[in-house]
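Model the full structure from these sequences, guided by the hints.
Number of protein chains: 2
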Amino acid sequence: MQLFYNAELTGNTSLFSFDSAESKHIVKVLRRKINDELLITNGKGLMLSAKIIDDNPKKCSVEVTGIKKVHPQKHWLHMVVAPTKMNDRFEWFLEKATEIGVNEITPVICQRSERKTIKLERYNKVILSAMKQSFQAYLPKLNDLIPLDEFLEKPAEGSLFIAHCENMEKYELKRSVIPDSPTTILIGPEGDFSTAEIKKAISKGYMPVSMGKNRLRTETAAIVACTTVAMINNG
Amino acid sequence: MQLFYNAELTGNTSLFSFDSAESKHIVKVLRRKINDELLITNGKGLMLSAKIIDDNPKKCSVEVTGIKKVHPQKHWLHMVVAPTKMNDRFEWFLEKATEIGVNEITPVICQRSERKTIKLERYNKVILSAMKQSFQAYLPKLNDLIPLDEFLEKPAEGSLFIAHCENMEKYELKRSVIPDSPTTILIGPEGDFSTAEIKKAISKGYMPVSMGKNRLRTETAAIVACTTVAMINNG
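Protein sequence lines correspond, in order, to chains A and B. As numbered in numbering that gives the first Met the number 0, residues 0 to 234 make up the first sequence, in order. As numbered in numbering that gives the first Met the number 0, residues 0 to 234 make up the second sequence, in order.
No wet-lab data here; the hints were simulated from the structure. Treat each hint with caution, since some may be false.
Where chains are identical, the list cannot tell them apart; a pair therefore holds if satisfied intra-copy or between any two copies.
As the list claims (entries may be wrong) - Distance condition first, Cα-Cα at most 30 Å in a straight line; then the derived DSSO-like pairs of lysine-lysine: (1) K131 to K212; (2) K118 to K84; (3) K198 to K67; (4) K115 to K131; (5) K68 to K169; (6) K23 to K68; (7) K131 to K169; (8) K50 to K131; (9) K23 to K43; (10) K212 to K68; (11) K169 to K67; (12) K118 to K32; (13) K199 to K43; (14) K131 to K84; (15) K212 to K50; (16) K131 to K27.
Put into structure tokens, the structure is as follows:
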């Protein structure tokens, strides 16, 4: 079973066509034919079943046969993560976070960041592919790279956490997440947040947290944080 | 801070030398010199601090200056996972499981496995590197590839789980893990376990479990399982 994506779909759509790339994929690669059923999401909570009425590999058209609204989860997990030096490690994080559950991702530049540029379009593709793969109706929102200092000036609601490795009093993330509540978690670069960054985040209402005693890589810490929030919120 | 590895170390070691590869790494790559302090584990619970007394890049020798015994955790997590079709996804699992916490890993061949060979030596390197990176004193045990049917004939103790996607009554893993107790978790290949495999595992005492509602890739399911067990056991 496969999930397709079309951002333009609404609850009123009855007929529509895929763009040329998705059409080619459906007709040429997956060899779907007239009357085959497809499952499609708009990434905003709608799941539509549809039947192919024209298997044109440049413009595959379908007729909507059913529609389901997937309710959003009550919590909103916003992961704010310093991109890793090795780009593939950050892409792993994007893929795994999407599979496990994340609503919004903001890459941030920190004082000790070695990577200061990202490939936003490529990252969006990774997230989209992971959403389809894991059969979800909501596409996580990816924001553009922003300096941490600037991010911390923005208003934020719900529970705010900063995971760092400095030796100071910290709470355990798993005991601090509040179910059904918006949650923002900051994860630093390979060299950790600077003391000044940690102090500033705390002054802005971020609670310092730890996630166990092992020293985790940036992308591992981010995945453990997503899993922790998912576990506390799912059932 | 870096952690080094030498499997030969015991509580009685007072002087020893690294092999040529590790010596070259310490002296040539990391440019450590006479009198520099190193932290070394034997992967079996010992953490030794030691001082370089000969910075020979072919045979770096050290004198032990301190020794610490890290107590093993009471639980023993054994992950039994079908290697993924793409090898890098399985290596990613090995790295992340080691960082997050795992004691033993057995790759298994299932009915729907597409990959039927593994690179044991390469996998051991990934695990060793992740152990050093995450500053742990225990090296996870990696077993050789074995057919699932054969694995299921072996005696197993503690809590036994099989995570699968078939539509049948399942328990939630997070509510089923018993703290401080040995735990074995089976994770299937891309196409999932077959019904026959699931039935056989259940007949051997494995409890069918789910890990939330998202459809997870093999390596993601395995990491979510490790994180769940770590969260329940750490404090």
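Query raised in the report: Which of the stated hints cannot be reconciled with the structure, identified by number in ascending sequence?
Result: 3, 12 and 13
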